[in-house]
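Whenever a hint applies, use it, and build me the whole structure from the sequences.
For reference, each letter of the sequence shown is one residue, going 1 to 290 in our numbering.
There may be inaccurate statements among the hints.
[As the list claims (entries may be wrong)] Listed next, the in silico DMTMM-like pairs over lysine to aspartate or glutamate satisfying Cα-Cα at most 25 Å (straight line):
| id | residue 1 | residue 2 |
| --- | --- | --- |
| 1 | Lys-102 | Asp-287 |
| 2 | Lys-278 | Glu-44 |
| 3 | Lys-102 | Asp-177 |
[Claimed, not checked] Distance ranges between label pairs, derived from CB positions:
| id | residue 1 | residue 2 | range |
| --- | --- | --- | --- |
| 4 | Asp-133 | Asp-178 | 35 to 41 Å |
| 5 | Asp-230 | Leu-170 | 24 to 30 Å |
| 6 | Gly-171 | Thr-236 | 17 to 23 Å |
| 7 | Glu-276 | Glu-89 | 30 to 36 Å |
| 8 | Ser-213 | Thr-139 | 19 to 25 Å |
Bear in mind the hints are in silico, worked out from the structure with no lab data behind them. Using N, Cα and C, we set each Cβ at its ideal position, and we do this for glycine too.
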Amino acid sequence: MKKRVLAVMLAAAMVFSTAACGSSTEDSGENGNQGESSGEEETEIQVFIAASLNTVMTELAEKYNEDHPNVKITFNADSSGTLLTQIQEGYECDIFFSAAQKQIDDLEADGLMVEGTRADVVNNQVVVVTLKDSGTKVTGLENLGDAESIALAGGSVPVGRYTRQALINLGVLPGTDDPAAVTTEEVSEALGGVEISEQDNVSKVLTAVVEGSCEVGTTYYSDTYGYEDDLEILETVSYDLTGNVIYPIARVVNEEADDAQTAAAEDFLEYVLSDEAKEVFEAYYFDTNV
Numbered sequence: 001m002k003k004r005v006l007a008v009m010l011a012a013a014m015v016f017s018t019a020a021c022g023s024s025t026e027d028s029g030e031n032g033n034q035g036e037s038s039g040e041e042e043t044e045i046q047v048f049i050a051a052s053l054n055t056v057m058t059e060l061a062e063k064y065n066e067d068h069p070n071v072k073i074t075f076n077a078d079s080s081g082t083l084l085t086q087i088q089e090g091y092e093c094d095i096f097f098s099a100a101q102k103q104i105d106d107l108e109a110d111g112l113m114v115e116g117t118r119a120d121v122v123n124n125q126v127v128v129v130t131l132k133d134s135g136t137k138v139t140g141l142e143n144l145g146d147a148e149s150i151a152l153a154g155g156s157v158p159v160g161r162y163t164r165q166a167l168i169n170l171g172v173l174p175g176t177d178d179p180a181a182v183t184t185e186e187v188s189e190a191l192g193g194v195e196i197s198e199q200d201n202v203s204k205v206l207t208a209v210v211e212g213s214c215e216v217g218t219t220y221y222s223d224t225y226g227y228e229d230d231l232e233i234l235e236t237v238s239y240d241l242t243g244n245v246i247y248p249i250a251r252v253v254n255e256e257a258d259d260a261q262t263a264a265a266e267d268f269l270e271y272v273l274s275d276e277a278k279e280v281f282e283a284y285y286f287d288t289n290v
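Shown next as structure tokens:
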């Protein structure tokens, strides 16, 4: 049975496709000839990425396509938990770039990871944010309950789990072996009944704060890129509270892929791990010292 391909099913906000081939007269000229001279076949790879990687990976794909115009890279950006579920359900995927180790652990345990391809790429950091001049009383996680409203990702979303872990370590939430299992209602109760708007990925948390529908929210430092004039970072949460926020990547077993697709997936993964890519990650506030 053919695997389902998300590129034709998901909204444009979730999926980004980039292919230099045919995008302009210049691309189909010099760059197109470069692809032909290298013997690279036209192919497409499906890359599942945590929502917080959308902007940086878009730029990396564009840079990669300068030398590989015949490779179309289709991104599916969502919470890492949602992406893992989609892979488990049979959606076609060549590379999975998660915002947490757990999802790649589960991928490997399910026999869906190509052995030997897993690598840690970047580290990130949880931040508490608000609109500039919001007048919030909140200074960080310790008095998060002073907010009128909070945007918080669900427990299955890595940033939501990291936030819950930090609140546990602060003594705001009771201890548990599985922070992801702490419901939004339980977080609200522990914070004195504050209104919490649960979001299903980190980008939606950011949007809720930027649009002013929530007073504060917890997101990643990298997600504040481009919003420096709009947002105030109230607290950069210590790794002592959250643990490291490592983003691992791995190739996914794709039995539908032909040789050209497999080779392109291998090469793009290698590019993401390259020194050139590290410079791009750092420009978007990711830490490459992992």
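These are the hints, each one checked on the structure:
A threshold of 25 Å between alpha carbons decides the hint, and for Lys-102 with Asp-287 the separation of about 20 Å falls inside it, so the pair holds. This hinted pair checks out: Lys-278 and Glu-44 have alpha carbons roughly 24 Å apart, not beyond 25 Å. With a C-alpha separation of about 14 Å, the suggested pair Lys-102 and Asp-177 falls inside the 25 Å cut-off, and the hint holds. Under the hint 35 to 41 Å, the C-beta atoms of Asp-133 and Asp-178, about 38 Å apart, fit the expected range.
A C-beta distance of roughly 27 Å is found between Asp-230 and Leu-170, which places it inside the suggested range of 24 to 30 Å. For Gly-171 and Thr-236, the hinted distance range of 17 to 23 Å is satisfied, since their beta carbons lie about 20 Å from each other. In this structure, Glu-276 and Glu-89 meet the distance hint of 30 to 36 Å, their C-beta atoms being roughly 34 Å apart. Distance hint check for Ser-213 and Thr-139: the Cβ-Cβ separation is about 21 Å, which falls inside the suggested range of 19 to 25 Å.
Consistency with the previously given hints is maintained throughout, with no hint failing.
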